[in-house]
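*Asks:* Here is how the chains run, residue by residue.
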Amino acid sequence: MTSVVDKVRDGRQAVGARWRGAPRWVRWVTLAAVIAFFYALPNPGFYQYLGPIPTTGSNFTQVLFTVSIYVLLAVGLNIVVGFAGLLDLGYFGFFAVGAYTVAVLTSPTSDLKTLWPWLLAVPVAIGLTMVSGVMLGTPTLRLRGDYLAIVTLGFAEMIRIAAVSSEFLKGQRGFNQIPHPPGQYADGRPFFGVLDARPYYWLVLTLIILVVLGVRNLTNSRVGRAWVSIREDEDAAQLMGVPTFKFKLWAFAAGAAIAGLAGALFAGKQNFVNSQNFELLNSIIILAAVIFGGSGNIFGAIVGGGLVAYMIERFRGIELLGIELYEYRFLFFGGVLVLMMIFRPEGLIPNRRRAAEFKDRRKEVTVGE
Amino acid sequence: MSETEQKPTVPAQASAPAAENLPAGREPLLEVDHVTLRFGGVVALNDVDFTLYKGEILGLIGPNGAGKTTCFNAMTGIYQPTEGEIRFRGQRITGKKRHQITQMGMARTFQNIRLFPEMTALENVQVGADAHHKTSVVSALFRLPRHWREERDGIEKAERLLDFVGIRHRMHETARNLSYGEQRRLEIARALATDPVLLCLDEPAAGFNPAEKEDLLQLIRQIRDQGVTVLLIEHDMRLVMGVTDRLVVLEFGKKIAEGLPAEVREDHRVIAAYLGVPDDAA
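Chains A and B, in that order, are what the protein sequence lines are.
Note that numbering that gives the first Met the number 0 numbers the first sequence so that position 261 is 260, with each residue one more than the last.
Note that numbering that gives the first Met the number 0 numbers the second sequence so that position 1 is 0, with each residue one more than the last.
Chain A with its partners taken away, still in its complex shape (with noise of 0.2 Å):
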């Protein structure tokens, strides 16, 4: 019994039909492959291979590294806009607070003069980013909508402005000397450098396939269930017995824990950190990546972050008519945005009807039956 809508719908998603419809071991090959592609890609002798991909204005490696962190942004993003429903609009604020716990643990230009290795500020970054993300949610979560968008704008703003002004932050001169990721070759070179960008990439590659590993567990549980509902109609979702302001908390501290991973990352890999890496302009990016790949679905993210952040940086290095394109990359940008909410509002991977499979009762899964 198939009405002419699903059927329409059926035919938009079914790619997505095939791809779960395929065997398991299918998937998994698939996967893999993919996995393998992207581990492989910063390889000069892999991608050389791969045509107009690589970019031409600034090193490949280089700028899969910020690819790989824009992607690991929208899908901590993505917990909070696209499974919650709470508009964010100040996400890069935790980024910072990431990046900037990573700066004064470990800098020696930093007043506290604690000089920890990378590795063991990384998890106080990310419990900090936390707790700011609590504390700028507990009062903040009892608004709704537009309110809520504000007032998140309003935190990423003043953790910048914090960054610029505070004689502990450093403003425009910034942390120095931030140690690397510890690790070796086996003749003594660290592992992590300076010059070569591939193993902060794979590294975080590696973060992001945990990443999403464990957000595939929440949101296929009670917690995404009540994300979820929380995002489609927050009235019923509280007479139906679920604690939404609890949840929303929750997502708010998850979604800002993946940011401040992010931002110790990248600090870690910088090596140098100032105010001016923090712009608005950031927040919005990532956002508009998250819609862009189709918010409320963890590959759409991943998708829409990593094609976002590249397409800005491929257009570095390009001339057409002695006009330098990179200056006109955010009107190129503004232009598809615009474009996709005509033609595909929903953005390019939706969120799927979740056709529901349980392993552990090996369901036949019958998708618009």
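In case anyone wonders, no lab produced these hints; they're calculated from the structure.
Any given hint might turn out to be false.
Unchecked claim - Here are some chain B residues pointing at chain A (derived, C-beta under 7 Å):
(1) Gln102
(2) Val126
(3) His132
Quick reminder that beta carbons are idealized off the backbone N, C-alpha and C, glycines included.
Following the hints, put chain B in place on chain A, whose structure we already have.
*Replies:* For chain B alone, coordinates are given in the frame of chain A:
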């Protein structure tokens, strides 16, 4: 109609507290104790006072704008009464959080359907079942045994309830894609999943044809037979007469009658206020 005969007779005395007129052994479940609710100058509920007893089906009726849904909303914690209080299972619910009231055993459906449209039917009911689950971020993240246990429990319960309301074959469909009647049924299943002692149905038959209404009556009786007390807001007099044990009639925010359906039907105030008005599709 044997069910109705077993029920105690409650005289339709608006002023006297209903509890005094009841035989011993009837346990009050929900007490609406002289509740007044004002929105600025508007008096939405004016000294409304009635009691709902365990195991009965109580109908709350009245013409449009009489305050039925407002009364519902006060009971489920959406509005706080200006005066008076509401007790559920002997406990004041004034000031309680909405999800706590649900966990105490009160569930409701909505006059204008409010499902979670992008979730499947099964997931909608699972949300209801989650009301008594404890899995939180840590158990879910690390897939602790509690997660698996509660997940299995939730799915089993959801499938059973979807079967009970007759839409199990649609369980993997998103709520948005269900037909109107299926959505109404899904709302009932979702509410039942919270293990309610009291189920409040806000015009569950709105927009139904006679055959569907008959099915719904059957369903409501079955729910009551499983030990759930039912409070029913309804416009359709035939439906109300057919299924309820007692009726409370509201008009302009005031209770004007209370009693057995047969008595209420004869009450001249009710006839004047409600049945006598030709505009109301009765």
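*Asks:* So, for every hint listed, does it hold in this structure?
*Replies:* Consistency of the hints with the structure:
1. Restraint check, glutamine 102(B) versus chain A: the minimum CB separation of about 6 Å is within 7 Å; hint holds.
2. A distance limit of 7 Å between C-beta atoms decides the matter here; for valine 126(B) the minimum to chain A is near 5 Å, and the interface restraint holds.
3. Proximity of histidine 132(B) to chain A holds as hinted, the smallest CB-CB distance being about 5 Å (cut-off 7 Å).
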